[in-house]
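A.B. asks: For the protein sequence lines, the chains are A and B, in the order given. Under this note's numbering, the first residue of the first sequence carries the number 1, and numbering increases by one thereafter. Under this note's numbering, the first residue of the second sequence carries the number 1, and numbering increases by one thereafter.
Be careful, since some hints might not be right.
Since copy identity is lost for identical chains, a pair holds within one copy or between any two.
[Claimed, not checked] Quick list of in silico lysine to any residue cross-link-like pairs, SDA-like style, CA-CA up to 25 Å:
| # | residue 1 | residue 2 |
| --- | --- | --- |
| 1 | 31 | 79 |
| 2 | 100 | 43 |
| 3 | 65 | 53 |
| 4 | 154 | 67 |
| 5 | 133 | 114 |
I should point out that these hints are in silico values taken from the structure, not numbers from a laboratory. Keep in mind that this is a model prediction, so the values were computed, not measured.
2 protein chains.
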Amino acid sequence: MEAIIINPIGIIHTPHQLGSDAPIQPVYSEKAGGEVEVFDCYREGLSDISEFERIWLIFWCHLAKPYRLKVIPYRDTVERGVFACRAPSRPNSIGLSVVKLLDVDYNRGILTVEGVDMLDNTPLIDIKPYVPKFDSFQSSVSGWLERSSSQTTKSDNRFCK
Amino acid sequence: MEAIIINPIGIIHTPHQLGSDAPIQPVYSEKAGGEVEVFDCYREGLSDISEFERIWLIFWCHLAKPYRLKVIPYRDTVERGVFACRAPSRPNSIGLSVVKLLDVDYNRGILTVEGVDMLDNTPLIDIKPYVPKFDSFQSSVSGWLERSSSQTTKSDNRFCK
Numbered sequence: 001m002e003a004i005i006i007n008p009i010g011i012i013h014t015p016h017q018l019g020s021d022a023p024i025q026p027v028y029s030e031k032a033g034g035e036v037e038v039f040d041c042y043r044e045g046l047s048d049i050s051e052f053e054r055i056w057l058i059f060w061c062h063l064a065k066p067y068r069l070k071v072i073p074y075r076d077t078v079e080r081g082v083f084a085c086r087a088p089s090r091p092n093s094i095g096l097s098v099v100k101l102l103d104v105d106y107n108r109g110i111l112t113v114e115g116v117d118m119l120d121n122t123p124l125i126d127i128k129p130y131v132p133k134f135d136s137f138q139s140s141v142s143g144w145l146e147r148s149s150s151q152t153t154k155s156d157n158r159f160c161k
Numbered sequence: 001m002e003a004i005i006i007n008p009i010g011i012i013h014t015p016h017q018l019g020s021d022a023p024i025q026p027v028y029s030e031k032a033g034g035e036v037e038v039f040d041c042y043r044e045g046l047s048d049i050s051e052f053e054r055i056w057l058i059f060w061c062h063l064a065k066p067y068r069l070k071v072i073p074y075r076d077t078v079e080r081g082v083f084a085c086r087a088p089s090r091p092n093s094i095g096l097s098v099v100k101l102l103d104v105d106y107n108r109g110i111l112t113v114e115g116v117d118m119l120d121n122t123p124l125i126d127i128k129p130y131v132p133k134f135d136s137f138q139s140s141v142s143g144w145l146e147r148s149s150s151q152t153t154k155s156d157n158r159f160c161k
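Build the full structure now, drawing on both the sequences and the hints.
C.D. replies: In structure tokens:
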């Protein structure tokens, strides 16, 4: 199957400089603030986005180590399949995070957001609106994560170059 | 910023042959069944996934038309910014759908799933576990979609080659 070429549409600016000390998910970010910069040629595509309370950021984990198919995730002590984890080191290092949208500067192409877990200067691949009817399944069973005794909220260096 | 190379990790087999008659989201798929085939070299990464009730499929909308920055989405009659829509024709044509996981055949690398909205033979980019604590925001405000009077559940040809 042919390779796919992705051209980043922007950059995500966050307070997280080190892979060894970043939140492992937005929910553990203590509402960390960030700015999503959308490149000039894509800015018109932001129209109407300010009406959404949350957005999906799809991004490239540019500092992730090469993947292994089984990893010890942050919230466990034994190996799990990488597709049963949200670890950044994966065959395609795509990150998926939902953040709260606080403000949109349409002229500058800047989205001010809350709840960033990605590292500073992360390449942005796509933005989608968060729609509860499509995306929210409150009681969906979440496997090993439900049994995990770990309360880790910050990353260490295991997945970072 | 440098381009990113993505190598598909599998193929999604679905009953939807035509872009003109596919569900516009999993929630409107009438529980359509599909099979997610993960290529042999990635199968070990599926370990532990059967414990999750739902999974995210991240895929490449291989039959999407070239993008425009403003589009008339399926559930509206006026143009909206493409990043405020879930339309498949976007600067990077990445699709994001949550499906119910019914069965896992680890030997063959086949996930049997329910609620597929993508077209048959869609290239698979990533699988992530659905985790309500990370992904579920039941009351998040969803902009123009909340005011839309359209009850469309199927696609037409507007975004398809």
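A.B. asks: Any of the earlier hints contradicted here, and which numbers?
C.D. replies: 1, 3
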